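A.B. asks: Kindly generate the complete structure, drawing on both the sequences and the hints.
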Amino acid sequence: MKLAPHLHRLGNDVVACYLIDTDEGITLIDAGLPGHWRDLQVELRSLGKSVDDIRGLVLTHGDSDHIGFAERLRSEHGVPVFVHAADAVRTRTGEKPKTAVGPMRLGPTLGFFGYSIRKNGLRTRYVAEVTEIGDGDVLDLPGKPVIVGMPGHSPGSVAVHVPVADAVFVGDALTTRHVLTGRSGPQPAPFTDDPATALSSLDRLAGLSASWVLPGHGAPWRTSPAEVSEAVRKG
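Quick note: the UniProt record's numbering has the sequence shown finishing at residue 235, numbered continuously throughout.
Errors might be hidden in some of the hints.
To be verified - Per label pair, the in silico range of CB-to-CB distance:
1) 138 <-> 206: 18 to 26 Å
2) 197 <-> 50: 35 to 43 Å
3) 100 <-> 203: 20 to 28 Å
4) 113 <-> 24: 34 to 42 Å
5) 101 <-> 48: 38 to 46 Å
6) 203 <-> 106: 31 to 39 Å
7) 80 <-> 110: 35 to 43 Å
8) 46 <-> 105: 33 to 41 Å
Said to hold, decoys possible - With a cut-off of at most 30 Å between alpha-carbon atoms, the simulated DSBU-like pairs for lysine-lysine come out as follows:
9) 96 <-> 234
10) 2 <-> 49
11) 234 <-> 98
12) 144 <-> 49
13) 2 <-> 144
Treat the hints as calculated values from the structure; they're not laboratory data.
None of the values given here were measured: they were computed from a predicted structure.
For each residue, glycine too, the CB sits at the ideal point set by N, CA and C.
C.D. replies: Next up, the structure:
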């Protein structure tokens with residue numbers, strides 16, 4: 001789905017990932033669930049493009065609902081996968097600490113896990129090889145993504161600022177729809193390793209210039225990054 005010039009979303013408010021289309025090629029932000037591969041093909045065809053136009057995949061972190069088709073893209077098409085060094089092991093092996101689940105409601109929780117199963121979430125493949133990145137890096141990819149370290153949800157969580165798309169992609173640094181309660185609006189994401197650090201990290205978005213703040217779960221958010229921290233804390 002096209003959100004704006006250069007900016008497309010794959011998936012829905014349950015799980016989403018993003019495509020940035022430029023004259024230099026395509027950059028993907030996150031890889032959703034394995035079944036989003038089909039969504040990717042549909043979006044590429046609508047643009048008159050193919051997988052061969054993808055220059056890189058940037059992961060906001062290494063959780064299974066963000067790496068879905070990453071290994072397929074890497075192993076079958078040679079597309080490099082970028083992830084923060086602190087999440088490299090998580091991306092390659094799935095190794096992560098247990099976290100408190102927090103509030104949940106039966107309907108939304110079943111909806112989340114049901115959607116994940118329908119999108120082949122149980123068949124997620126970890127990523128055998130990754131390119132490690134860090135805070136402040138500007139990647140040599142279409143759109144020149146800028147990496148902003150956002151530790152908290154995971155040690156290597158990042159936001160990805162892409163000025164050409166007028167957007168900052170925040171992964172699970174926040175959510176606009178809680179997948180376990182169904183509650184909408186900006187709020188902390190569930191399954192967060194260190195909630196206090198995650199909240200503090202939101203202040204790092206304040207200096208970015210963008211009109212879109214785009215989470216991995218929930219509706220696209222039209223706002224200034226400067227407004228994010230206070231809105232999430234109130235939420």
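A.B. asks: Each hint needs a verdict: does it hold in this structure or not?
C.D. replies: Going through the hints against the structure:
The hint said 18 to 26 Å for the Cβ distance between residue 138 and residue 206, and at roughly 19 Å that hint holds. Remark: the range hint 35 to 43 Å for residue 197 to residue 50 is upheld by a beta-carbon distance near 40 Å. Between residue 100 and residue 203 the beta carbons are some 23 Å apart, a value that agrees with the proposed interval 20 to 28 Å. Here the CB-CB span from residue 113 to residue 24 is close to 38 Å, well matched to the stated 34 to 42 Å.
Residue 101 and residue 48 have their C-beta atoms about 43 Å apart, which keeps the hinted 38 to 46 Å range intact. Range check, residue 203 to residue 106: Cβ separation about 35 Å, and the 31 to 39 Å hint holds. Distance hint check: the CB atoms of residue 80 and residue 110 are about 36 Å apart, consistent with the given range 35 to 43 Å. Residue 46 and residue 105 have their C-beta atoms about 35 Å apart, which keeps the hinted 33 to 41 Å range intact.
Distance check on the hinted pair: residue 96 and residue 234 sit about 29 Å apart at the alpha-carbon level, within 30 Å; holds. For the suggested pair residue 2 and residue 49, the alpha carbons sit about 14 Å apart, so the restraint of at most 30 Å is met. In summary, the hint linking residue 234 to residue 98 is supported, as the alpha carbons are separated by about 26 Å, within the 30 Å threshold. The hinted pair formed by residue 144 and residue 49 meets the criterion: a straight-line CA distance of about 20 Å does not exceed 30 Å.
Restraint check for residue 2 and residue 144: satisfied, since their Cα atoms lie roughly 20 Å apart, inside the 30 Å limit.
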